[in-house]
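Dock chains H and A against the given chain S, drawing on the hints supplied.
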Amino acid sequence: MAYTGVTPSARSRGMVREARHLLFTVAPGATWIVIFLVLPSAYLMAVAFMSNGPYGLPEMPLSLESFRRLAGFGFLGWSPGNLYTLLRSLWQTLVSTGLVVIVAYPIAYYISTCRAKWRPIMLLLVVVPSWTNQVIRTFGWMNLLAPGTPLSNLAEGLGFIAPNMGLYPSNFAVTLGLVYNFLPFMVLPLYAAFEKLDTAQVEAAQDLFASPVRAFWHAVFPQTLPGLLAGIVLVAIPAFGMYVIPELLGGGKGMMLGNLVANQFAGGANWPLGAAGAILMLIATFIGLFAMRRIGKRLGGGEEVVI
Amino acid sequence: MRKRTLKRGLTGFWWFTLAFLYLPLAVVVLFSFNASNSAATFTGISLRWYGRLMGNEEILSAFSNSMILAITSSVIALGIGCLIGYGMYRHRHRKLGWLIVLIYLPIVLPDIVFGISEMAFFVQVHRLTGLLQPGLVTMIIAHVTFQIPFVALIVYSRFVGLDPTLFEAAKDLYATPIKRVVHFMLPTIKPALISAFFLSFTLSVDDFVISFFTAGPESATLPIYIWGAIKKGVSPEINAIATLMIGAVAIAAIISLVFSRRRQA
Amino acid sequence: MNDTITAEAIESPGARPAGEATQGEVAREASSIEMRGLHKRFGRDTVALDGVDLTIEGGEFFTLLGPSGCGKTTLLRILAGLEEADDGRLAIGGKDITEVPPHKRSVNTVFQSYALFPHLSVRENLAFGLKMRGLPLEEREARVAKIAEFIKLGDLVDRRVDQLSGGQRQRIALARALVNEPDVLLLDEPLSALDAGLRSQLQVELLRVQKRLGMTFVFVTHDQQEAMVMSDRIAVLNGGVIQQVGPPREVYEHPVNAFVARFMGHDNLYPVTARQGGRLTTPLGELTAEDAGEGGLLLIRPETLDLLPGEVAGDNHLPAVVSERLYRGSHAEYRLEIGSSTLQATLNNRGRHLPEVGDRVTVSVAPEDLVTLSE
Numbered sequence: 030m031a032y033t034g035v036t037p038s039a040r041s042r043g044m045v046r047e048a049r050h051l052l053f054t055v056a057p058g059a060t061w062i063v064i065f066l067v068l069p070s071a072y073l074m075a076v077a078f079m080s081n082g083p084y085g086l087p088e089m090p091l092s093l094e095s096f097r098r099l100a101g102f103g104f105l106g107w108s109p110g111n112l113y114t115l116l117r118s119l120w121q122t123l124v125s126t127g128l129v130v131i132v133a134y135p136i137a138y139y140i141s142t143c144r145a146k147w148r149p150i151m152l153l154l155v156v157v158p159s160w161t162n163q164v165i166r167t168f169g170w171m172n173l174l175a176p177g178t179p180l181s182n183l184a185e186g187l188g189f190i191a192p193n194m195g196l197y198p199s200n201f202a203v204t205l206g207l208v209y210n211f212l213p214f215m216v217l218p219l220y221a222a223f224e225k226l227d228t229a230q231v232e233a234a235q236d237l238f239a240s241p242v243r244a245f246w247h248a249v250f251p252q253t254l255p256g257l258l259a260g261i262v263l264v265a266i267p268a269f270g271m272y273v274i275p276e277l278l279g280g281g282k283g284m285m286l287g288n289l290v291a292n293q294f295a296g297g298a299n300w301p302l303g304a305a306g307a308i309l310m311l312i313a314t315f316i317g318l319f320a321m322r323r324i325g326k327r328l329g330g331g332e333e334v335v336i
Numbered sequence: 589m590r591k592r593t594l595k596r597g598l599t600g601f602w603w604f605t606l607a608f609l610y611l612p613l614a615v616v617v618l619f620s621f622n623a624s625n626s627a628a629t630f631t632g633i634s635l636r637w638y639g640r641l642m643g644n645e646e647i648l649s650a651f652s653n654s655m656i657l658a659i660t661s662s663v664i665a666l667g668i669g670c671l672i673g674y675g676m677y678r679h680r681h682r683k684l685g686w687l688i689v690l691i692y693l694p695i696v697l698p699d700i701v702f703g704i705s706e707m708a709f710f711v712q713v714h715r716l717t718g719l720l721q722p723g724l725v726t727m728i729i730a731h732v733t734f735q736i737p738f739v740a741l742i743v744y745s746r747f748v749g750l751d752p753t754l755f756e757a758a759k760d761l762y763a764t765p766i767k768r769v770v771h772f773m774l775p776t777i778k779p780a781l782i783s784a785f786f787l788s789f790t791l792s793v794d795d796f797v798i799s800f801f802t803a804g805p806e807s808a809t810l811p812i813y814i815w816g817a818i819k820k821g822v823s824p825e826i827n828a829i830a831t832l833m834i835g836a837v838a839i840a841a842i843i844s845l846v847f848s849r850r851r852q853a
Numbered sequence: 054m055n056d057t058i059t060a061e062a063i064e065s066p067g068a069r070p071a072g073e074a075t076q077g078e079v080a081r082e083a084s085s086i087e088m089r090g091l092h093k094r095f096g097r098d099t100v101a102l103d104g105v106d107l108t109i110e111g112g113e114f115f116t117l118l119g120p121s122g123c124g125k126t127t128l129l130r131i132l133a134g135l136e137e138a139d140d141g142r143l144a145i146g147g148k149d150i151t152e153v154p155p156h157k158r159s160v161n162t163v164f165q166s167y168a169l170f171p172h173l174s175v176r177e178n179l180a181f182g183l184k185m186r187g188l189p190l191e192e193r194e195a196r197v198a199k200i201a202e203f204i205k206l207g208d209l210v211d212r213r214v215d216q217l218s219g220g221q222r223q224r225i226a227l228a229r230a231l232v233n234e235p236d237v238l239l240l241d242e243p244l245s246a247l248d249a250g251l252r253s254q255l256q257v258e259l260l261r262v263q264k265r266l267g268m269t270f271v272f273v274t275h276d277q278q279e280a281m282v283m284s285d286r287i288a289v290l291n292g293g294v295i296q297q298v299g300p301p302r303e304v305y306e307h308p309v310n311a312f313v314a315r316f317m318g319h320d321n322l323y324p325v326t327a328r329q330g331g332r333l334t335t336p337l338g339e340l341t342a343e344d345a346g347e348g349g350l351l352l353i354r355p356e357t358l359d360l361l362p363g364e365v366a367g368d369n370h371l372p373a374v375v376s377e378r379l380y381r382g383s384h385a386e387y388r389l390e391i392g393s394s395t396l397q398a399t400l401n402n403r404g405r406h407l408p409e410v411g412d413r414v415t416v417s418v419a420p421e422d423l424v425t426l427s428e
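Those protein sequences? They're chains S, H and A, same order as listed. Each number in our numbering comes from the position in the first sequence (counting from 1) with 29 added on. Each number in our numbering comes from the position in the second sequence (counting from 1) with 588 added on. Each number in our numbering comes from the position in the third sequence (counting from 1) with 53 added on.
I should point out that these hints are in silico values taken from the structure, not numbers from a laboratory. Please note that the accuracy of each hint is not assured.
[Said to hold, decoys possible] Listed next, the in silico DSS-like pairs over lysine-lysine satisfying Cα-Cα at most 25 Å (straight line):
1) K157(A) x K184(A)
2) K767(H) x K205(A)
3) K767(H) x K778(H)
4) K778(H) x K184(A)
5) K225(S) x K146(S)
6) K184(A) x K199(A)
7) K148(A) x K205(A)
8) K326(S) x K683(H)
9) K225(S) x K595(H)
10) K225(S) x K326(S)
11) K157(A) x K767(H)
12) K146(S) x K820(H)
13) K820(H) x K282(S)
14) K282(S) x K819(H)
If we strip away everything but chain S, and leave its shape as in the complex, we get (with noise of 0.2 Å):
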């Protein structure tokens, strides 16, 4: 056997395999992406910093305008318009938020309590409505809000609503539409928290603590707080972007940044000012992402925000 001893291309020559593995593998998705997401978020942005052209299509120069316009100065001087939809999209996100986990809450508790056979069932009611298309289910709202429909007619009676008016379109409807959403998107994180439940610290704790509300409070709230905190990022920046329930159950008065955005680029009007609330949106988006990742680090949950 004839040993000629040393290769040192051995080392080189699997990692050149490797690397041209995963150029193999991952580089027709990753252009994908790049071309059609990167690319076109990228002309996106760009075109907010540039001027509004006829048509409402951009053209240079580059120019600050469109966000001076979303700031609500127009030709005819400043306007709250604009300010009161960005406010709006906050209040309702807030709200709508604030709603999917108080109902949400005890849902998931008491589905982690059923018998074990039962749970997958009771998910999958709770989620399927969310398997038809969003364009239906607010649909479904608008026959059961509109003028005349039992609904509306106790509403009129109780003295909430003027007479004929109906219960959409409103911001409630908008609150109801987005509560109806995303309520599934909270249920099942909060679901997964309370299935992996520590059971002993629990009893632990009600050992320790006379009532049961400070029990809850430190024994079983901080171990459902990493599914809440991805529970909150599901529902709140989706909600924040909403685009079909206040177009559809919002009226005029209902408008979210959402619509404000669209209506620049489906009309035509403008889209310089249609990508600067876009920009807005992603910003909005991206804190909060990062303020979630901070917290969840803190809480040492350090578990992936996963769909």
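Chains H and A in isolation, oriented as in the chain S frame:
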């Protein structure tokens, strides 16, 4: 004592929430059988709105567009996503932060930003090159873009759940690289591939916003048609199409339940 | 290059009549392993193998023994082709296979986790390697049937993988590798996941299979008892370097250094502070060794010691006090104090007097049982 009250209260709340979740869908289904065209009062049972669907060219073409879009995009996304999922698994010890960011981008991007980015991009590409005129092709591209991450993550997590020595066992047992794919990897991840396909399909059919902004005049899908019909003024026909779509989802739900039962058994 | 499986390898070693020495010699030749200067690093700093030279004879039951991280598994993976050495050559049956990919090597592995394919039945698992090599269906079935009989799998063959117990999986994994009739079988701690009873039962079975097939087995373990029971020869590894190679008795009774001695379970190691011919000065006192050697450490194996009641003067006699006794039925283990040193002793229970804690005794050891070794 107190515990039992709590449990009873929760049970009540559970049924109330279920009613809240299914009421809007139930109303749509109910009024699709309404004899009159009133959206507020139910006057009697009839199938006339379903009859009208059959003769409606626009609806039939929207339906076929939806199917073409969902199937084509899911197949493409399955191929590309599967490769990425495997690549992520195989090279999981490397620093792939950039890839993770890329994968999560379509998931975290708000629908509306996603949609208008694609639209602005396609319009400009079309203006400059004449390619990618808004229509089914642009919709397929956009749908594949948001389906890839889901396929990749499902395939990735299936691979992560496997004993890594299985890959070595296949090598050790004389399987060439191609035979490893055909006789080991694909059969092993088959369940993941099936669920990834169904998820992609569902995401595609479910999507409205991104489709809406990337569609052309001839490529309206069912959700886009329904949207248009709602905007024009509510017609009871919408209840009928919507009911059919809800029915499809109900069937899918039952199938998935049966599947998960069987897997447990 | 060993691209195609050789005729010798395909022909079943089990079916070969024992008398035909010439063919047997060919098979032995074909399945010897030579390793020269194997090096392997992981990342920048982790050295897994630091120059391994080793020859394994055909038909040998050879064990790579060492603590975790010693490089034994890396060496096995290089043999399988699952890992590529940074430097050095590897040959099986005289053919250099350093760069041959795993699927072209006539080498099969029994993995620690068994690695049975979950998507296949037991029967399909067994036939996997044959199918990948493109053997026709009838031959695959015949070979699977033969191996199933040989390993006594019985009706396990028709089960699903997830219906098997740990021990059953282990046997299927063994059969799945053997059915290919490789030149060399590699076993990566195949018994470590099993409980003690099953483990010793399978040790016997594995040994029986190896002897009947006459196949080269390379076995990796961190359990020195297992290594001694199974092996024709053992290589003890530490820090990616082979410390000692030899038959179990040699490695156990004449370890070459303190690491091997300790790893083989020896605790009675004492520095030699002075020597004059065979006369060694140690913390225990002065002792005469027949074959003193040059090593600076004296090894006293507990089972070579005898305990005499009271103080008995004599050569290689040491006065001691019993500080601990563990009665184990067949034997008793003692901890003895000699001055400030302690000494372990094992006494067979042959109905004689067994000293008790606190007793003054005299330790007696024969000069031929004393060994010195290097640090």
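Against the structure, the hints:
1. K157(A) x K184(A): holds, 14 Å
2. K767(H) x K205(A): violated, 30 Å
3. K767(H) x K778(H): Satisfied, since the Cα-Cα distance of roughly 16 Å is no more than 25 Å.
4. K778(H) x K184(A): Status holds; Cα separation ~20 Å.
5. K225(S) x K146(S): Distance ~17 Å between K225(S) and K146(S) Cα, so the pair holds.
6. K184(A) x K199(A): Answer holds: K184(A) to K199(A) is near 16 Å, not above 25 Å.
7. K148(A) x K205(A): Distance ~34 Å between K148(A) and K205(A) Cα, so the pair is violated.
8. K326(S) x K683(H): Judged against 25 Å, a Cα distance of about 20 Å means the pair holds.
9. K225(S) x K595(H): holds, 20 Å
10. K225(S) x K326(S): holds, 19 Å
11. K157(A) x K767(H): holds, 13 Å
12. K146(S) x K820(H): Not satisfied, since the Cα-Cα distance of roughly 46 Å exceeds 25 Å.
13. K820(H) x K282(S): holds, 19 Å
14. K282(S) x K819(H): This hinted pair holds, its Cα atoms lying about 17 Å apart.
Hint violations for this structure: numbers 2, 7, 12, all remaining hints satisfied.
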